[in-house]
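> Given chain A's structure and the hints, the job is docking chain B onto it.
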Amino acid sequence: MDRDIAAQSLRGVAVARAKVRSDLSGLWFPLILFGAITLGSVPAVLLAPGEIIGAYWTVLGIVGGIATGVFYQRRERSLGVSAVDWPYIATALAIMCGALLTGWYGGLMVLPALSFFGPVVVVALGYLVFAWLERAVPLAAMALGLLGATAAVWLSGIDPRSAGLVLAVLYGATFVVTGVLYALARKDA
Amino acid sequence: MTHPSSSLDDTVHQRVRLGILAILGEVRRADFSYLRDTLELSDGNLARHLQVLDEAGHVRIAKTFEGKRPRTWVSATPQGRSALETEIRSLRALISRLGPTP
Chain A
1 MDRDIAAQSL RGVAVARAKV RSDLSGLWFP LILFGAITLG SVPAVLLAPG
51 EIIGAYWTVL GIVGGIATGV FYQRRERSLG VSAVDWPYIA TALAIMCGAL
101 LTGWYGGLMV LPALSFFGPV VVVALGYLVF AWLERAVPLA AMALGLLGAT
151 AAVWLSGIDP RSAGLVLAVL YGATFVVTGV LYALARKDA
Chain B
190 MTHPSSSLDD TVHQRVRLGI LAILGEVRRA DFSYLRDTLE LSDGNLARHL
240 QVLDEAGHVR IAKTFEGKRP RTWVSATPQG RSALETEIRS LRALISRLGP
290 TP
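Keeping their order, the protein sequence lines are chains A and B. So that you can map any letter, position 135 of the first sequence is 135 in my numbering, and since no number is skipped, the others follow by simple counting. So that you can map any letter, position 74 of the second sequence is 263 in my numbering, and since no number is skipped, the others follow by simple counting.
Here chain A stands alone, though its shape is the one from the complex:
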């Protein structure tokens, strides 16, 4: 067999895979939704005790997860192609449980640093997994940027509650902006 024909076959596989990934990608929706939910948590971080923040995320995390599931299901039905969804569901559940557990454990053990920084680190790591699943370099850059910003806020030595507030605004705004950029890129494609 000719080398060029073999290379052409491999290129064909790569192009087909990239096309399917691009068709299936709907990152803009969960990014904008969870960005808005994160920004909505700012008053709770400012005013309310830890239990209220935990309840806020339990309720809106589930609502957001269900809305995202419905969005992808409707999209897949109209496109005629369904993603292998269990890695996404497992990652979303791991983010939700990991964030709630670190927040709860930090509160229980009176470790404010853990209760404010733990959940956001879990969320950023979760988005790194999503980036790997989607082979999405911009999403990986966003997640790494958020991890770097989290480390910078931690090292700055500001009190954990103020740090939690800064990070809620930073994460929420970054999710919304990245989601809007994804939506615009999709519209232009």
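Don't take every hint at face value.
Sample of chain A residues at the chain B side, in silico, Cβ under 7 Å [said to hold, decoys possible]:
hint, residue
1, I5
2, S9
3, L10
4, V13
5, I37
The hints are simulated quantities; they were obtained by calculation from the structure and are not laboratory data. Backbone N, C-alpha and C define an ideal beta-carbon position, used for all residues, glycine too.
Just chain B, lined up with the frame of chain A:
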């Protein structure tokens, strides 16, 4: 040592069938129209290639109804996914064995 081309499977190696498996390898299932439009094939051409893959056990075809509208869903079987990976490995081995184009 066997030549890498000896591990190429004729059922999978054909350009259109390789394209079908490449798409199905990325997803849980795809419908007939999606495969036809993505690979720019006619209905008859796609149906023939799907039949070959189905007979070889590489894909599973399910005909369903959504309301009154019929829909044909196609998914890769574990055997089909494994055949695709073997094909890709063989193509890579072949390219590296034959070296760069002069």
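> With reference to the structure, classify each hint as holding or not holding.
Outcome of the hint check:
Against a cut-off of 7 Å between C-beta atoms, the interface hint on A:I5 is violated, since the closest Cβ of chain B lies about 9 Å away. For A:S9, the interface hint holds, the least distance from its beta-carbon to any beta-carbon of chain B being 6 Å, beneath 7 Å. At its closest, the beta carbon of A:L10 sits 5 Å from a beta carbon of chain B; the interface hint therefore holds under the 7 Å criterion. A cut of 7 Å between beta carbons decides the hint on A:V13: the least distance to chain B is about 4 Å, and the hint holds.
Contact between A:I37 and chain B, as hinted, is not supported at the beta carbon level, the nearest pair being about 28 Å apart and thus beyond 7 Å.
Of the numbered hints given earlier, the model fails hints 1, 5; all others are met.
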